[in-house]
Amino acid sequence: MNKIPLAVIGAGLIGKTHIERAQALENVELVGIADPSAAARELATSLGVPWFADYVAMLETVKPRGVVVATPNVTHADVAVACLERKVAVLVEKPIADTLENARRICAAAAANGVPALVGHQRRYNPIMRQAKSIVDAGVLGKPVSVTALCTWLKPDEYFETSWRRQAGGGPVLINLIHDIDLLRFLFGEIESLQAITSNRIRHFDVEDTAAVMLRFCNGALGTVSVSDTTAAPWNWDLSAGEAERFPRQDDVNSHFFSGTEGSLTLPRLELWRYHHQPGWHDQITVERAVPHIGCPYAEQLRHFCAVIEGLEQPICSAEDGLRTLEATLAVHEAATSGSVVHLMGRPS
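Start counting the sequence shown at 691; every next residue gets the next number (our numbering).
Rather than coming from a laboratory, the hints here were simulated on the basis of the structure.
Check the hints yourself; a few may be wrong.
[To be verified] Here are the simulated lysine to aspartate or glutamate pairs, EDC-like style, with alpha carbons at most 16 Å apart:
#1 K833 <-> E880
#2 K753 <-> E716
#3 K693 <-> E716
#4 K706 <-> E935
#5 K823 <-> E880
#6 K753 <-> E775
#7 K845 <-> D928
#8 K777 <-> E750
#9 K706 <-> E732
#10 K833 <-> E952
#11 K693 <-> E732
#12 K777 <-> E1000
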C-alpha cells in the first residue's frame, strides 16, 4: 500500500487529536509536525516523527501531499495559502479563518492551484449526522418548517485563565455556536437572514457569554438557537453526542429539534416522530429511533481527507462551505450590534 504523506501544523489540543488519528490510519504516513513549542518537539520525538519549528521549512523538506492546519485562527489563512501554493491539500480546523477576507484568500488559493481545501467541521462526519442527513434528504420530514437548537453548558472558571477567551472572538458564538450553524446548514440548507442578541451579564467579560439567534432559511423554514457557556445544563451536542472523550456523555439528552410537515427529528438521539394514520393533534403520534454505529468523526474526517486527495471522493465540507458558515456566524455579532436583520443571501461570496 502506498501511504499518503501527511503533516500537521500546530500541535495543541486539537492538533494532537489529528496526530493520533493520523497514526491510526493504515494508508497514512505522518511525515512531519510543525510547531515551535518545546512540548511539540517532545511529542514528535516520542513518536519518531520529524519536528520543525517553522512550517515552511517542513513543507519544503518533507513535501507532504496533505496538511492539517491546527494553528490559531488568525494564522489559518497564511498557513493554508502557503500549503496550497505548493500544491499541498489542506484540512483547516474551524473556523476556516478569522475574517471573511482571509477565508476568501483560502478559497481563491485552492481554486487557483487546483488543490482541495477542506474545513474541520467534524460533526458532518459523525454517523449520527450521516443518518440524519439521509433522513432529511429523503424527504421524510416533508417540507422543512422549523428547528430549535441548544448549545447550553458551563465552562469552568479555569477555562478563562487564557486571556483571549475573555476578549472579542473568544466567546461561545465563534467557539461553539459556529458548529451548530454548520450543522443547521448541513441539514436544512442555506440561511437567508438572521437576527440576534447577546449578553455578557454573568461574567462581565468584553466578550459575550450568552446569545439568542433567530434564523430564516432559504427554503422558508425558521430557526431559533440559544448558546451560553454559563449554564448548569446538558443541552448541547458535545455532551449529548459523545464525540469528545473528555466530556461525560449524557445518553438521554437531545440538543437539536428539526420539524417538518410530515415528521420531526431529534438529535443526537435520532428520534423520528410521525403520524402513521390520520395526521393531526387528536391522533396518536409515533416515534422510531435509529441507532447508528458509534464512530469517531475525527478519524472519518481524516479518512475522507485522504480520499479527496486521491480523487476518490468530493469534499463534504469545502473551503466554500467553511466560508459560508463563518459568514453566518460573524453575522450573529453584526446583528446583535446593529439590532437589525442581517441578510446573507445576495452578498458577494
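_Given the hinted pair K823 and E880, is their Cα-Cα distance within 16 Å?_
Holds. K823 to E880 sits at ~14 Å (cutoff 16 Å).
*Taken at face value, is the distance from the CA of E880 to the CA of K833 at most 16 Å?*
holds (15 Å)
*Regarding the pair K753 and E716, is the alpha-carbon distance no greater than 16 Å?*
It is violated: about 19 Å lies between the C-alpha atoms, which goes past 16 Å.
*Taking only the CA atoms, is the gap from K833 to E952 under or equal to 16 Å?*
holds (7 Å)
*16 Å limit on alpha-carbon distance, applied to hinted pair K753 and E775*: Holds - the C-alpha atoms of E775 and K753 are around 12 Å apart, at most 16 Å.
_K706 paired with E732 [C-alpha distance capped at 16 Å]_ = holds (12 Å)
_Need the status of pair K706, E935: alpha-carbon distance at most 16 Å?_
holds (14 Å)
*Given the proposed pairing of K777 with E1000, does the C-alpha separation stay at or below 16 Å?*
holds (13 Å)
*Does E716 lie within 16 Å of K693 when you go C-alpha to C-alpha?*
This hinted pair holds, its Cα atoms lying about 8 Å apart.
*16 Å Cα cutoff - pair K777, E750*: holds (12 Å)
*Given the proposed pairing of K845 with D928, does the C-alpha separation stay at or below 16 Å?*
Measuring from Cα to Cα gives roughly 12 Å; hence the hint holds.
*Taking only the CA atoms, is the gap from K693 to E732 under or equal to 16 Å?*
violated (25 Å)
Consistency note: the structure conflicts with the earlier hints numbered 2 and 11.
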